[in-house]
Structure formats: C-alpha cells, structure tokens
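Number of protein chains: 2
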Amino acid sequence: MNLERLTADLQGLLEPEDVLTAQEDLASYDAPARYEAGRAAAVVRPRTVDGVSKVMGYCVSRGVRLVPQGANTGLVAGSTADGSGTQVVLSLERLRTPLRVDPANRTARVGAGVRLSALNQALEPHGLFLPIDLGADPTLGGMAATNTGGARFIRYGDMRRHVLGLQVVLPDRQGSVVELKGGLRKDNTGLDLRQLFVGSCGALGVITEVEVEVHPRPRQTAAALIALANPDAALPLLQFMEREAGELLTAFEGMSRAAFAAALAHAPALRNPFPGGPPPYAVLVELSTARSPQGGDAPLGQVLEAILAAWLETAEADAIDVLVGAPEPLWAIRHAISEGLRAKGQVIGFDLAFRRSDLPAFRDAALDRLGRQFPAVEICDFGHIGDGGVHFNLVAPRPGLPDAGLKALRTCVYELAVGQFGGSFSGEHGLGRANLESYRAYTPDLVRELAGGVQNVFSEAPIGAVDFVGLFREQA
Amino acid sequence: MNLERLTADLQGLLEPEDVLTAQEDLASYDAPARYEAGRAAAVVRPRTVDGVSKVMGYCVSRGVRLVPQGANTGLVAGSTADGSGTQVVLSLERLRTPLRVDPANRTARVGAGVRLSALNQALEPHGLFLPIDLGADPTLGGMAATNTGGARFIRYGDMRRHVLGLQVVLPDRQGSVVELKGGLRKDNTGLDLRQLFVGSCGALGVITEVEVEVHPRPRQTAAALIALANPDAALPLLQFMEREAGELLTAFEGMSRAAFAAALAHAPALRNPFPGGPPPYAVLVELSTARSPQGGDAPLGQVLEAILAAWLETAEADAIDVLVGAPEPLWAIRHAISEGLRAKGQVIGFDLAFRRSDLPAFRDAALDRLGRQFPAVEICDFGHIGDGGVHFNLVAPRPGLPDAGLKALRTCVYELAVGQFGGSFSGEHGLGRANLESYRAYTPDLVRELAGGVQNVFSEAPIGAVDFVGLFREQA
Numbered sequence: 171m172n173l174e175r176l177t178a179d180l181q182g183l184l185e186p187e188d189v190l191t192a193q194e195d196l197a198s199y200d201a202p203a204r205y206e207a208g209r210a211a212a213v214v215r216p217r218t219v220d221g222v223s224k225v226m227g228y229c230v231s232r233g234v235r236l237v238p239q240g241a242n243t244g245l246v247a248g249s250t251a252d253g254s255g256t257q258v259v260l261s262l263e264r265l266r267t268p269l270r271v272d273p274a275n276r277t278a279r280v281g282a283g284v285r286l287s288a289l290n291q292a293l294e295p296h297g298l299f300l301p302i303d304l305g306a307d308p309t310l311g312g313m314a315a316t317n318t319g320g321a322r323f324i325r326y327g328d329m330r331r332h333v334l335g336l337q338v339v340l341p342d343r344q345g346s347v348v349e350l351k352g353g354l355r356k357d358n359t360g361l362d363l364r365q366l367f368v369g370s371c372g373a374l375g376v377i378t379e380v381e382v383e384v385h386p387r388p389r390q391t392a393a394a395l396i397a398l399a400n401p402d403a404a405l406p407l408l409q410f411m412e413r414e415a416g417e418l419l420t421a422f423e424g425m426s427r428a429a430f431a432a433a434l435a436h437a438p439a440l441r442n443p444f445p446g447g448p449p450p451y452a453v454l455v456e457l458s459t460a461r462s463p464q465g466g467d468a469p470l471g472q473v474l475e476a477i478l479a480a481w482l483e484t485a486e487a488d489a490i491d492v493l494v495g496a497p498e499p500l501w502a503i504r505h506a507i508s509e510g511l512r513a514k515g516q517v518i519g520f521d522l523a524f525r526r527s528d529l530p531a532f533r534d535a536a537l538d539r540l541g542r543q544f545p546a547v548e549i550c551d552f553g554h555i556g557d558g559g560v561h562f563n564l565v566a567p568r569p570g571l572p573d574a575g576l577k578a579l580r581t582c583v584y585e586l587a588v589g590q591f592g593g594s595f596s597g598e599h600g601l602g603r604a605n606l607e608s609y610r611a612y613t614p615d616l617v618r619e620l621a622g623g624v625q626n627v628f629s630e631a632p633i634g635a636v637d638f639v640g641l642f643r644e645q646a
Numbered sequence: 171m172n173l174e175r176l177t178a179d180l181q182g183l184l185e186p187e188d189v190l191t192a193q194e195d196l197a198s199y200d201a202p203a204r205y206e207a208g209r210a211a212a213v214v215r216p217r218t219v220d221g222v223s224k225v226m227g228y229c230v231s232r233g234v235r236l237v238p239q240g241a242n243t244g245l246v247a248g249s250t251a252d253g254s255g256t257q258v259v260l261s262l263e264r265l266r267t268p269l270r271v272d273p274a275n276r277t278a279r280v281g282a283g284v285r286l287s288a289l290n291q292a293l294e295p296h297g298l299f300l301p302i303d304l305g306a307d308p309t310l311g312g313m314a315a316t317n318t319g320g321a322r323f324i325r326y327g328d329m330r331r332h333v334l335g336l337q338v339v340l341p342d343r344q345g346s347v348v349e350l351k352g353g354l355r356k357d358n359t360g361l362d363l364r365q366l367f368v369g370s371c372g373a374l375g376v377i378t379e380v381e382v383e384v385h386p387r388p389r390q391t392a393a394a395l396i397a398l399a400n401p402d403a404a405l406p407l408l409q410f411m412e413r414e415a416g417e418l419l420t421a422f423e424g425m426s427r428a429a430f431a432a433a434l435a436h437a438p439a440l441r442n443p444f445p446g447g448p449p450p451y452a453v454l455v456e457l458s459t460a461r462s463p464q465g466g467d468a469p470l471g472q473v474l475e476a477i478l479a480a481w482l483e484t485a486e487a488d489a490i491d492v493l494v495g496a497p498e499p500l501w502a503i504r505h506a507i508s509e510g511l512r513a514k515g516q517v518i519g520f521d522l523a524f525r526r527s528d529l530p531a532f533r534d535a536a537l538d539r540l541g542r543q544f545p546a547v548e549i550c551d552f553g554h555i556g557d558g559g560v561h562f563n564l565v566a567p568r569p570g571l572p573d574a575g576l577k578a579l580r581t582c583v584y585e586l587a588v589g590q591f592g593g594s595f596s597g598e599h600g601l602g603r604a605n606l607e608s609y610r611a612y613t614p615d616l617v618r619e620l621a622g623g624v625q626n627v628f629s630e631a632p633i634g635a636v637d638f639v640g641l642f643r644e645q646a
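Residue numbers (the working numbering), protein chains in the order written: chain A, 171 to 646; chain B, 171 to 646.
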C-alpha cells in the first residue's frame, strides 16, 4: 500500500499529529532496548480506545501489518517493526487514562500506556504497590501482553497472577472492543479468555486497559549476600530459607563467579564484599514484610541473621561467608551484572527456566558441554533461581562469534536446556520474533495447531496481513 | 445407541469390571453433594490415561455423551449425568498415579483421581501442603477443572495459581493426549493453553494429570472472632488487617447475624462466644506463618491481639467484642453455617463475588429489595469477604417456595448482583448445568461467541454429541 495514502487515511481516522512518518520521529519507536533496530512505515499513537479500534479495523480491512508497542522495553523483538519498512507501529503510550485506585478492593485500573512507575506513584499514598520488580519501566499493557516476571516472583508471582481484568481490541474489521472480566478476584463463570491475552504478545488483540490486584507495601526489608563454596549448595539453601523464612522470602537470586566478578569490575563504586574475591557462587536473599516493627519484635535483619546462623549449623551449609546488610548495595551488585557482561565482550543471552531441582544438573552438563565445544566462550550465569529462572548468559571475546558459530551455540544450549532438561527457552521475556524459531522447534505440533486455531477465533485478519496476528498461525 | 452394545464396546476397550451399569453401582456416581441426582447410562472408570483416551475417542466417534467426574463433590451439576439416562459418566477416580513430590522444586505431580487429602498426606513429611482449603475432599483433576477457591484464597489464591502443568485428553476421534506445560514456574513461550482448561469444567477436554506448586506448611496459626456492631465496619477492618498483618493474613470471613445464629442453633456443642448473643455481623480473622517461633518473638496469638488492640483505638472500629482464641473452635462456628441453614428451611444458595468495595452497598440494596419483594425469605449471608466472595444464602420457611417464586427470587438476586453491581454469579463453584442459564444471560454475546469458537478448536465432537463439550457452543 502506498505510504502517503496510508498516512492520510490514518490521519483522517485520528488527528494528523497522531501519525508519525518522519525518520527522526520514528527513531525511538524503531530502536529497542537490546536488539537490532527495526524500520516502521509509520507510527500511530491513538489517545483513546476508540482510536485504537478505528486503526485496528482499518488495518485489518486493508491488510496493513500492525505491531503494537508499549514502552518498547522488551528484549525479544516483540514490539518493534521488522526491517521491511512496511509495518505500522501501534503505540499505546498515550492511553494513560484511567489511572484509578480502589484501595478497599486493593486494585487499580489503568490505561495500557500507564507506566509501572506512574502506577506505583499513584499507589504509594495508599500504602500499596504492584510487586512486579523489573529493570525497566514498562507500560502496564506491555506487562500484561508479555506476562512479565521479575525478581520478586518467588513471593508475588508474575503479571498473570495480578491481572483481574482487561479491555482488548480484537483484530477484526470492526476493531471490536471487549471487556474480559472486571475487578473481581473470584469469577468462575466460563472460559477465562483473559488468560489467553496475558503473555500472548498481542497475537490475539491489543490490550487497552488493565485492572490489577496490588499489595501492601513492605515496611521492612532485609537482605543478605551468601558466598558459597559450591554452586550446588544453593538449592539446599533455598529449601532451608523457604522452610524457615516462609512467607517473608521475597527474592532468591543466584550469581556465578564470572557474573559476580563482571559486575564488580564494571562498576568500580561497588566494593567487593568478600575479602577472598568473588566466590564460586553467590546468593542474594531478601526478606520483606508489610508489618511495621512492633515493640518486642526483632528487626527483620536480625531475623535473617538468626535464620542464616541456624543454616550455618546444618551439614549442607557449604558457605565461605555470609553478609547481612542493607538491601540496596547488595542489589546494586546483582543489577550491575548485565552491564558488566556487555563490557566484557559479546553477550549471548538466554532466558532459561527449569524445575528448580534440575538447576544443578543442567549447570554441570552445560559447563561440560560448552567447555568442550565452545572453549572460548565464558559462562556467566545468574538469575532468579528461586523460581527456576536462569539468565544463562555467555560472553564471547570481541569481536564475537561469527553467525554460524552463534547459531551452533544457541542450538547447543537450547537442545540441552529444552530438549534434554525440559526447560523453557523463554522463562520471562516472552515470544517475539527473536524466539519464533525456538517456538517452532520446541512446541509439539498439536499444541501449535491448537494455538493457531485459537488465534483464528480472535482474528479476522488473513495470515501475515497483520504481523503480530500471524504469530501462532503458520502457512499450511 | 443401544445400551448393551455401548456397554460391550466400552468393556472391550477397557476391562469388563471398569464399566458399571447396575443401578446399585451407579447410585453414588449419580448422587451429587447438594443437588438433584442424575441418571447415567453407565459409568466408565479407566485406570490409565490410555484408557481415558480410548473411551474418549470411541465416544466422540459414536456421538455418545460423556460427563467427566472426579470426587463428585461439586455444587453446580457439573459432574453428574442429566436425567435422560443416555449420558456416560467418565469417572477419573482411578487415576491415582503418579503421586510424586519434588521437594526441591516445591511441586507435586498427581493423577487426576488423587484426592486433596491424599496429596496433603504425601506432602506432610516434606513440610509442604497445597493451601486450597475446602469443605470437601475433591480430586486434583476436579479442582483444576473447576478452579476451586476456598477459605485461604486471600493469601494463597485459587487453583489456577497453583497449576504448573496439565495432561489432558482432547474430545477428538483419537482421544489425543496433550501435555500442557511441565513443572516450570516460568515458561513464557506462547499461548498458555493450560489456563483454558483450568475452570473449564471439562468443556475442552478431560484432565488426566495435574502438576501443582505447593507451599511450606504453617507452623503457627492464630485466629480471632470479632463481633461488629455494624456490618459496614467489616471492610475498614479488612483494610486495617491487610496493612498491619500483611503477609500473615490467611483468612477473613464474614458472617451475618442470621448465619451465625443458625450455626449455633444447629450445633449445640458450639458455645456462643459472645455473651450478648449473635452480633449484627461477625468476622473471623486468621493469621498464619510458616516460621517457627524464635526466641524473643511474640507468639502469633499475641501479634494478632496487638493488631486488634491497635484497631480498637481507631475511629472506624465499631466493635462489640473481640475474641482471640484457638482457631479450631472459631472455624467450627463458620463451618457449621451451611448445615445450620439447611436445618432452618429451604436454602436458596448463591455463590456471588464482588469488588470488595461494593460489598456494603450490595448488601444494603439486597436487604432492601428482598425485604420488600420476598418478605418471608431470610437473608443468611456469609463468606470469604476478604476476596469479595459472598455465599449469599437465603432461607425460605418450609415447605419452601414454589418453582415460580424460586425463579423470581433468583432473577431478582442475579439482576442486582450481576446486572447492577457487576458481580459474579459463580465466584468459586464454577459453571455446570446449574449456571448455564446465568452464563447465557450475563455473558456478552461476543465473549460467548469467542468461547464457543475456542471450544470448537479443541473438540471434534458435534454440538450436543458429547455433553460437556457443548457447554460453550450454542446451536445457531
């Protein structure tokens, strides 16, 4: 379709300034956080659900390929146009109303374009927060569409667990607007279609409003960094913490020696907390509670100290050092890992997840296999091991691996992680173009057929006509 | 189809003793917990997934109408045959393997026929439990298929939150067996079809294995019964408890004066804890923690006392009496309500759910409207108000209302609860024949169309041919 005609039509549906086509205006919509930039034909930014509906109906009718985008903070090429220059980015960033807190229901309803930080700001006066903890500041629509997880998953779960209601616009010729459940915690009245949209990356339609359950803000937080002599000691420590800290446990993060060292090397302001240097494996544990300290109660830091002291008495405790301290400096080390790895060389990232019980065996097998097949590549794994998530990131010395080597490396890791250990090739980042190949390789045929069939139910667009709509459908 | 032929065919597919047709053998499968008995043509009880698959393929091919059944503890006519005598009950009760606990992953994988009590028994040595707390002892397959909630929902959520994996048999001619996700907490790799099966009442297929996340068992529990001068004081108390008890809060149950009085009257062993008689409204609060009491920590009962003492200082506290005590006797009152109401007269039960913020206004409106239109009927509401759930049960003096009156009463309550207040007509009991009329009345046309379309994707059976399969599909 002619770009001028398309632009004029979209401007006619909305306001002229709602449609961007100038190269400099498109740049930020084309440039994602950590992967290659795309090239959109245009960006449309409706201000209302009605505007989204009009754009959707038009694009479906004309076969214009749409890519929905929130804050463009995703990591799997799910929110940017491909390189063809023919797709239109549908930005939801201007859907910033409603932003309505219902403190008695402990919920909030927001437009899809509301940012996590803006929601938490609105929740703060009520002593509430949305406990999805991420490195980025995504929109709530994007969080629902990709089912974000994060560092406090072990206590609070993923976005799915918090979504009580959605408003969506379907990819049909009318751009039908559908409400899927309201602000009810309990509503067991048929197929829960809302669940399909959570984590579907826009493949079934575009989320325009989100209602979430929120939680009392923690009033006390305590953290500890534990240096383990042996990575295998992490799992028994996790079980001990769950048993003894119970509902207080809010994070359990693992860091390999290489990841830990990279963080410290990259951020000189971070002091190495362990005199002997980065340990073979480190665990960051966080406890938190919404309760304020009562007279007579031990402060949370003392509680954590007592639990760890008891753990040190056990036979399984293979510890070099235990450091209970203020959470921020300890998290700073954990958060510096990603940048630290990028400073080291070419990062080949994997967002894997496993049964927790499989973590040690997978790690051993991966070290062995990669050490033999890819000796130049350093394994710098870290992650939310309390929920089985591993950012199994590898670093190749610059200039990095050639494409064929990269492909062989990816295949090797996925074969081991997914094929042999039954793990996930995308624990929390979602699908998107980056993971389509893995989706096809590791999803059983029948499941893919069912997913494609379900997508057909929601979409009138022909396969490939609306890009994200083609995600689960395959040409025969 | 000829019953003898059907029986012979089914016996040929399984073992002869796996198929029941004698009236006395069918009785317990036909008689549900609390509604009218059905009449099955036969009951098949496969011992393996392979057996389920064979039965399914046969029945879909021949148009035999199947009704899946777990422990038959449901309340909405979802697990029994209708009165036609032509449907076959597919009992999953013999699928009692696997029963496998993975303590390091904090999960368990079980056959659909494993009972909740059996699972918890297997979990106990590991200090774990499945925290779905119900009056009945259902099978895990039934719990997943109906997405059970229960009394500890406010802390632990519903069954959906715990299902990490399902094995299902689809209603197609092959009786296809599909694995939907494994024991992973994080697996963001496409449409989460597993979610569709949770709460679908068998409409998309039969669940044969379930994998659930489980939790550390509480080591301390404390409870209090609070007599309120005014039902409207319950909501501010709930907010206060969430703020001050935070993650310790595991139950927040409300009881109207009539419900409370009925429980005491029916169970003479229960002492009335309040000298002034049943209060206008009573709240049962429970705290629990997986932590064992540490030296210096206040016992949980004292924590609860301190929180309630602080609440009594607030302006909102409209309390007659506060009683902190052992949990069991206090729960005994709450659990005696259902029987107590049945002893009083004809119970017309409603399993409603609301935004918590709507609870007071709904209650006022219902009291007003029913008081005028149905003066003989007594409102004996109680429920899990911490999550917005209300067992809005009404009692009519014996011999009870005539059918027309019953219908008018139901319509009146649903119009108010669902039509006006946006509540749910089935908060936790699920669909089933009992709620099909409400499903049609209160589900938007487009949502019903989408649900029917989704069901078509999973089923090859013609509409009406396999009974549960027709649930969301409607004749044009």
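A couple of the hints might just be wrong.
Unchecked claim - If you want the ones that stay clear, here's a sample from chain B, every Cβ over 10 Å from chain A, calculated:
no. : residue
1   : ALA203
2   : ARG325
3   : ALA415
4   : ALA468
5   : LEU616
Stated by the list, open to error - Simulated restraints, written as ranges between beta carbons of each label pair:
no. : chain 1 : residue 1 : chain 2 : residue 2 : range
6   : B       : PRO268    : A       : ASP615    : 33 to 43 Å
7   : A       : CYS582    : B       : PRO268    : 47 to 57 Å
8   : A       : TYR205    : B       : THR484    : 24 to 34 Å
9   : B       : GLN464    : A       : GLY589    : 16 to 26 Å
10  : A       : ASP615    : B       : GLY297    : 35 to 45 Å
To be verified - Example chain A residues on the side facing chain B (calculated, C-beta under 8 Å, incomplete):
no. : residue
11  : GLU174
12  : ARG175
13  : GLU417
Calculated from the structure, these hints are not laboratory results.
Each residue gets a CB set at the ideal place from its N, CA and C atoms; glycine is no exception.
So, going through the hints one by one against the coordinates:
No beta-carbon of chain A is positioned within 10 Å of the beta-carbon of B:ALA203; the least distance is around 17 Å. B:ARG325, annotated as away from the interface, has a beta carbon of chain A within 10 Å; the closest lies near 8 Å. Separation of B:ALA415 from chain A is inadequate, the least Cβ-Cβ distance of about 7 Å not exceeding the 10 Å criterion. For B:ALA468, the condition that its CB be more than 10 Å from all CB atoms of chain A is violated, with the nearest at approximately 6 Å.
Against chain A, the non-interface label of B:LEU616 is violated: not every CB pair exceeds 10 Å, the least being about 6 Å. Judged by the Cβ atoms, the range 33 to 43 Å given for B:PRO268 and A:ASP615 is violated: they are separated by roughly 25 Å. Between A:CYS582 and B:PRO268 the CB atoms are about 32 Å apart, so this pair departs from the stated range of 47 to 57 Å. At roughly 53 Å, the beta carbons of A:TYR205 and B:THR484 sit outside the given window of 24 to 34 Å.
For B:GLN464 paired with A:GLY589, a C-beta distance near 45 Å fails the hint of 16 to 26 Å. Here the CB-CB span from A:ASP615 to B:GLY297 is close to 41 Å, well matched to the stated 35 to 45 Å. Using the Cβ-Cβ criterion of 8 Å, the hint placing A:GLU174 at the interface with chain B is not satisfied: the shortest such distance is roughly 35 Å. Annotation: interface hint on A:ARG175 violated; nearest CB of chain B at approximately 31 Å, more than 8 Å.
Annotation: A:GLU417 was flagged as interfacial toward chain B, and the flag holds, the nearest CB pair being 4 Å apart, inside 8 Å.
Figure legend: structure checked against the earlier numbered hints; hints not met, in rising order: 2, 3, 4, 5, 6, 7, 8, 9, 11 and 12.
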